[in-house]
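One-letter residues, chain by chain:
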Amino acid sequence: MTVWALEADQPTLADFGNDVWWIVLIKVVGVFAVLVLMTLFAIVFERKVVARMQQRIGPNRVGPRGYLQSLADGLKLAFKEDIIPALADKPVYFLAPVIATIPAFVAFSVIPMGPVVSIFGERTPLQLTDAPIGVLIILAMSAMGIYGIVLGGWASGSTYPLLGSLRSAAQMISYEIAMGLSLVAVFLYAGTMSTSGIVAAQADGSELSFFGWEFTGPSWYVVLLPVSFIIYAIAVVGETNRAPFDLPEAESELVGGFHTEYSSLKFALFFLAEYINMVTVSALAATLFLGGWRAPWPLSIWDGANSGWWPLLWFFLKVVAALFVFIWLRGTLPRLRYDQFMRFGWKVLVPVSLVWILVVATMRTVSRETDLTAGEVAVFVGLPIALVLLVGLWLAGRAGQSDTRQAAAEAAAGSNHPTSTEPEVLPPAGARRRPAGGPIRAEGGFPVPPMDLRVPPSPRLRREPVSTAGEPVPGAVVGTGRRGATSTSQEDGDV
Amino acid sequence: MLSTYVPIVGLFALAAAFALFSVAVAPFVGPRRYNRAKLDAYECGIEPVDQPLTGGRFPVKYYLTAMLFIVFDIEIVFLYPWAVANDALGVWGLVAMVVFIGTVFLAFAYEWRRGGLEWD
Chain A
1 MTVWALEADQ PTLADFGNDV WWIVLIKVVG VFAVLVLMTL FAIVFERKVV ARMQQRIGPN
61 RVGPRGYLQS LADGLKLAFK EDIIPALADK PVYFLAPVIA TIPAFVAFSV IPMGPVVSIF
121 GERTPLQLTD APIGVLIILA MSAMGIYGIV LGGWASGSTY PLLGSLRSAA QMISYEIAMG
181 LSLVAVFLYA GTMSTSGIVA AQADGSELSF FGWEFTGPSW YVVLLPVSFI IYAIAVVGET
241 NRAPFDLPEA ESELVGGFHT EYSSLKFALF FLAEYINMVT VSALAATLFL GGWRAPWPLS
301 IWDGANSGWW PLLWFFLKVV AALFVFIWLR GTLPRLRYDQ FMRFGWKVLV PVSLVWILVV
361 ATMRTVSRET DLTAGEVAVF VGLPIALVLL VGLWLAGRAG QSDTRQAAAE AAAGSNHPTS
421 TEPEVLPPAG ARRRPAGGPI RAEGGFPVPP MDLRVPPSPR LRREPVSTAG EPVPGAVVGT
481 GRRGATSTSQ EDGDV
Chain B
1 MLSTYVPIVG LFALAAAFAL FSVAVAPFVG PRRYNRAKLD AYECGIEPVD QPLTGGRFPV
61 KYYLTAMLFI VFDIEIVFLY PWAVANDALG VWGLVAMVVF IGTVFLAFAY EWRRGGLEWD
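Chains A and B are the protein sequences, given in the same order.
Mapped onto UniProt numbering, the consecutive letters of the first sequence carry residue numbers 1 to 495.
Mapped onto UniProt numbering, the consecutive letters of the second sequence carry residue numbers 1 to 120.
Worth double-checking, as some hints may not be accurate.
Claimed, not checked - Subject to a maximum C-alpha distance of 30 Å in a straight line, what follows is the list of computed DSS-like cross-link-like pairs (lysine-lysine):
| # | chain 1 | residue 1 | chain 2 | residue 2 |
| --- | --- | --- | --- | --- |
| 1 | A | Lys-76 | B | Lys-38 |
| 2 | A | Lys-76 | A | Lys-90 |
| 3 | A | Lys-76 | A | Lys-48 |
| 4 | A | Lys-80 | A | Lys-90 |
| 5 | A | Lys-90 | B | Lys-38 |
| 6 | A | Lys-48 | A | Lys-80 |
| 7 | B | Lys-61 | A | Lys-347 |
| 8 | B | Lys-38 | A | Lys-80 |
| 9 | A | Lys-90 | B | Lys-61 |
What the hints assert, rightly or not - Just the calculated beta-carbon pair ranges, DEER-fashion:
| # | chain 1 | residue 1 | chain 2 | residue 2 | range |
| --- | --- | --- | --- | --- | --- |
| 10 | A | Pro-456 | B | Tyr-5 | 53 to 59 Å |
| 11 | A | Val-92 | B | Ala-66 | 16 to 22 Å |
| 12 | A | Ile-133 | B | Val-104 | 20 to 26 Å |
| 13 | B | Tyr-5 | A | Pro-64 | 38 to 44 Å |
| 14 | B | Met-67 | A | Lys-76 | 41 to 47 Å |
Calculated directly from the structure, the hints in this document are not laboratory data.
Ideal Cβ placement from N, Cα and C applies to all residues, glycine included.
Take the sequences, apply the hints, and build the full model.
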């Protein structure tokens with residue numbers, strides 16, 4: 001285990017679990033209040049920042065400069081009618097917002113907000129608790145939160161929420177892999193998974209020499225492990241269902257996604273959970289990569305910056321900066337298509353993370369076992385490994401696409417054959433299968449509707465005798481009862 | 001040792017109390033004006049059919065994603081303790097992990113090659 005020169009204020013694992021009961025109570029209520037207040041702030045902040053980016057003013061009526069707007073909205077939500085859809089599975093429908101909210105709160109319990117301070121004469125760290133497996137608690141809780149969303153969408157007994165919740169489940173588990181892999185390099189460097197330990201590990205930069213040039217290395221992991229940070233930043237945007245990855249609640253296609261059927265305080269709880277998750281991942285980014293509650297460089301020259309209550313300010317500045325990036329993304333980027341989104345997660349983020357872990361681990365082991373300096377190891381070992389692995393991966397990916405490209409070439413040559421790699425022998429033709437000669441695909445494999453597309457009849461018409469005029473035209477999609485029958489491949493891509 | 005986890009239980013209890021209270025109190029605080037249309041599933045203006053569009057079924061792609069998730073999640077479970085203990089494991093620890101990641105990588109490349117990662 002690495003030993004750092006620690007100041008007296010830096011909490012260690014031994015400092016946790018010794019608090020008097022009323023200190024624990026104060027901290028619990030404090031964390032709860034911080035999260036609720038941060039949510040109220042984040043909503044107004046988001047609306048105001050997005051408004052500025054769109055050349056509007058944003059909310060400015062309720063309270064000073066409009067900053068009480070979300071409090072007013074929250075109160076109003078409580079006095080709205082609580083609608084339970086007739087088709088809902090009632091117990092699950094009631095419990096889903098609760099299941100989404102609780103893990104969101106609990107995940108914040110291991111975030112370090114400051115050093116050891118004195119509260120009413122008791123010396124205690126500004127952190128609810130910490131454990132040797134600290135970050136694992138956050139990961140476990142963020143995984144539990146998925147249940148709330150999936151169950152909520154499923155229990156609504158409605159189409160849009162079901163689609164939204166399925167997307168959400170697939171999206172969150174896919175990006176959780178990328179997020180989990182991005183943290184491995186941090187644990188590797190810090191040698192611990194406790195959040196306070198990781199903050200302590202970022203206290204001082206190590207002495208580096210790069211081909212004889214001596215300097216003090218950067219201490220924040222965002223500088224030491226930039227690839228990890230970028231992967232983490234992208235993955236948590238997917239993990240928290242935020243734009244441009246907000247596909248589970250894509251307004252243009254799914255109305256409101258998994259919470260379409262929710263109203264009143266149940267909706268408010270989902271909303272709260274989403275914003276708390278945003279605050280938590282921002283705080284985790286600050287803890288793991290941005291030095292935690294420690295003052296940033298020019299301020300850290302001042303000795304008092306890292307003791308007492310000041311670190312609380314640095315910590316929340318970092319969190320708000322991260323929140324601003326979330327909002328900035330939302331104000332700037334259009335939403336991805338679902339297949340693009342999944343492709344990016346599995347074919348870019350996961351392989352790059354694995355390669356990065358191997359590079360970092362090899363470099364660290366080589367520099368420990370030999371007498372090379374870190375800079376020399378980076379050039380002689382890290383770069384070649386990264387290049388070899390990336391080229392291999394690129395070749396594998398190219399091979400994987402060659403089938404698709406060949407089929408696309410055939411289609412371009414005139415054969416009216418779908419470019420997907422579907423086998424010729426289809427399963428027994430159900431209603432969902434597109435009719436032969438159905439949606440013609442253009443050159444790049446993008447499905448286009450036939451020119452003589454008819455609007456399919458409503459499924460309700462089936463109940464009355466209906467005479468369809470003439471034979472179904474090949475190429476036209478004719479409803480056969482279930483609306484699923486009319487699904488083009490584009491719709492398949494949606495679900 | 002376990003006392004480090006007591007505050008987490010406290011926060012859990014507070015969050016649970018808050019969430020359950022909100023859910024329980026909502027039907028009594030808000031107004032209640034019965035209208036059959038309100039209880040229908042939301043359908044953008046069409047009158048809804050009796051069941052969700054897919055009849056509660058969904059594409060098998062989601063299962064595939066979930067199975068991939070399990071493979072990689074177990075890999076992560078293996079990577080974390082290794083990463084924490086890396087300095088103590090020495091060169092042999094690195095070799096073992098390279099072999100392990102390489103094995104998973106091969107399976108991953110195979111699935112990629114067979115189109116298992118294509119969404120549509």
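Task: In rising order, the numbers of the hints this structure does not comply with - done: Violated: none.
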